[in-house]
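These protein sequences, in sequence, are chains Z and F.
Residues 1 to 118, numbered by the numbering used here, are exactly what the first sequence covers, in order.
Residues 1 to 113, numbered by the numbering used here, are exactly what the second sequence covers, in order.
Everything labelled a hint here was simulated from the structure, so no lab data went into it.
One should not assume that every hint holds.
[As the list claims (entries may be wrong)] These stretches of chain Z come out as covered by chain F in the derived footprint (C-beta under 8 Å, 3 or more residues):
id, segment
1, 32 to 43
2, 46 to 60
3, 108 to 116
[As the list claims (entries may be wrong)] Distance windows between CB atoms, simulated:
id, chain 1, residue 1, chain 2, residue 2, range
4, Z, Thr72, F, Glu82, 34 to 42 Å
5, F, Thr20, Z, Lys69, 38 to 46 Å
6, Z, Lys77, F, Thr14, 40 to 48 Å
7, Z, Ser70, F, Thr14, 48 to 56 Å
8, Z, Leu88, F, Gly3, 13 to 21 Å
9, Z, Lys58, F, Thr111, 36 to 44 Å
10, F, Tyr10, Z, Asn12, 25 to 33 Å
11, F, Glu82, Z, Asn17, 40 to 48 Å
12, F, Gly16, Z, Pro79, 46 to 54 Å
13, F, Thr14, Z, Ser80, 25 to 33 Å
14, F, Thr38, Z, Val83, 40 to 48 Å
15, Z, Leu88, F, Asn59, 22 to 30 Å
16, Z, Pro40, F, Lys13, 43 to 51 Å
[Stated by the list, open to error] Okay, derived cross-link-like pairs now, EDC-like style, lysine to aspartate or glutamate, Cα gap no bigger than 16 Å in a straight line:
id, chain 1, residue 1, chain 2, residue 2
17, Z, Lys77, Z, Glu8
18, Z, Lys49, Z, Glu66
19, Z, Lys58, F, Glu82
20, Z, Lys22, Z, Glu8
21, Z, Lys69, Z, Asp85
22, Z, Lys49, F, Glu101
Cβ coordinates follow ideal geometry from the N, Cα and C atoms, glycine included.
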Amino acid sequence: AQSVAQPEDQVNVAEGNPLTVKCTYSVSGNPYLFWYVQYPNRGLQFLLKYITGDNLVKGSYGFEAEFNKSQTSFHLKKPSALVSDSALYFCAVRDGGNRGSTLGRLYFGRGTQLTVWP
Amino acid sequence: KAGVTQTPRYLIKTRGQQVTLSCSPISGHRSVSWYQQTPGQGLQFLFEYFSETQRNKGNFPGRFSGRQFSNSRSEMNVSTLELGDSALYLCASSSGTGAFEAFFGQGTRLTVV
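Excised from the complex, chain Z in its bound form (with noise of 0.2 Å):
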């Protein structure tokens, strides 16, 4: 069964500090990954994504993104952090190897809500 787990429901960080917001999966095929951002009362937007090669990816507004597969995780991270980064960030995964019956479903995290203070 596809999953995926945000192991922190907050996260704070002072502005201009890095930051790191977690992500583990789960899929019986390939993973396709993503990041979506969310401001209050607006839909998701994308961030970024990995489908193959480099495991470090980068995505929109100087975020990034370390794909480890020993470790099924995906944790998105930005070196400076900026108060304007404060929303709920979620994970999502799709299955690549597993079209027939998953096809454009998004299983999405719970979500992490990321506060960064001046």
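Assemble the complex: chain Z is given as a structure, and chain F must be docked to it using the hints.
Below, chain F without anything else, positioned relative to chain Z:
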């Protein structure tokens, strides 16, 4: 390029009523998925449509239904509304499945009273 458009943004309905939500995907996108977001359950998959065909359905009762039109626009309908149906309903469009990212609309906030 216009994004995913969901209408209406906000709805207040009474228990027992029915509601129809609309989603216009990004031009050229043929895949549309719907998700329900609540504080308690998080993001839950409702269904997915591709070229007017429902290809995948989540674990929701039959009161939840949807369809997709030939122009890829999609609607979802909830009949006999219950208080627990209060949620943010999100529509996502994609040019395909697998490696293609989904783009989400702003959502429709449904409140059932």
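Handout entry: Hint check for Val83 (chain Z) and Thr38 (chain F) - Cβ pair distance inside 40 to 48 Å
Key = violated (28 Å)
Exercise for the section: Confirm or reject the claim that Leu88 (chain Z) and Asn59 (chain F) have a C-beta distance inside 22 to 30 Å. Expected result: holds (23 Å)
Exercise for the section: Take the C-alpha atoms of Lys77 (chain Z) and Glu8 (chain Z), compute the straight-line distance between them, and say whether it is at most 16 Å. Expected result: holds (14 Å)
Practice task
Compare the distance between the alpha carbons of Lys49 (chain Z) and Glu101 (chain F) with 16 Å, and conclude whether the hinted pair is satisfied.
Solution key: holds (7 Å)
Exercise for the section: Please work out if Lys69 (chain Z) and Asp85 (chain Z) have their alpha carbons no farther apart than 16 Å. Expected result: violated (27 Å)
Practice task
Count residues of the segment 108 to 116 of chain Z with a Cβ under 8 Å from any Cβ of chain F, then say if the count reaches three.
Solution key: Holds, because 4 residues of the segment 108 to 116 of chain Z bring their Cβ atoms closer than 8 Å to Cβ atoms of chain F.
Practice task
Starting from the hint 25 to 33 Å, judge whether the C-beta atoms of Thr14 (chain F) and Ser80 (chain Z) obey it.
Solution key: At 49 Å between Cβs, range violated.
Exercise for the section: Return holds or violated for the Cβ distance of Pro40 (chain Z) and Lys13 (chain F) against the range 43 to 51 Å. Expected result: violated (23 Å)
Problem - Pair hint Lys22 (chain Z) and Glu8 (chain Z), alpha-carbon separation not exceeding 16 Å - result: Holds. Lys22 (chain Z) to Glu8 (chain Z) sits at ~7 Å (cutoff 16 Å).
Practice task
Sort out whether Glu66 (chain Z) lies within 16 Å of Lys49 (chain Z), counting only the CA atoms.
Solution key: Holds. Lys49 (chain Z) to Glu66 (chain Z) sits at ~10 Å (cutoff 16 Å).
Practice task
Go ahead and decide if the range 48 to 56 Å is satisfied by the Cβ distance of Ser70 (chain Z) to Thr14 (chain F).
Solution key: holds (53 Å)
Practice task
Take the C-beta atom of Thr72 (chain Z) and the C-beta atom of Glu82 (chain F), compute their distance, and say whether it sits inside 34 to 42 Å.
Solution key: For Glu82 (chain F) against Thr72 (chain Z), whose Cβ atoms are near 37 Å apart, the range 34 to 42 Å holds.
Of the numbered hints given earlier, the model fails hints 13, 14, 16, 19, 21; all others are met.
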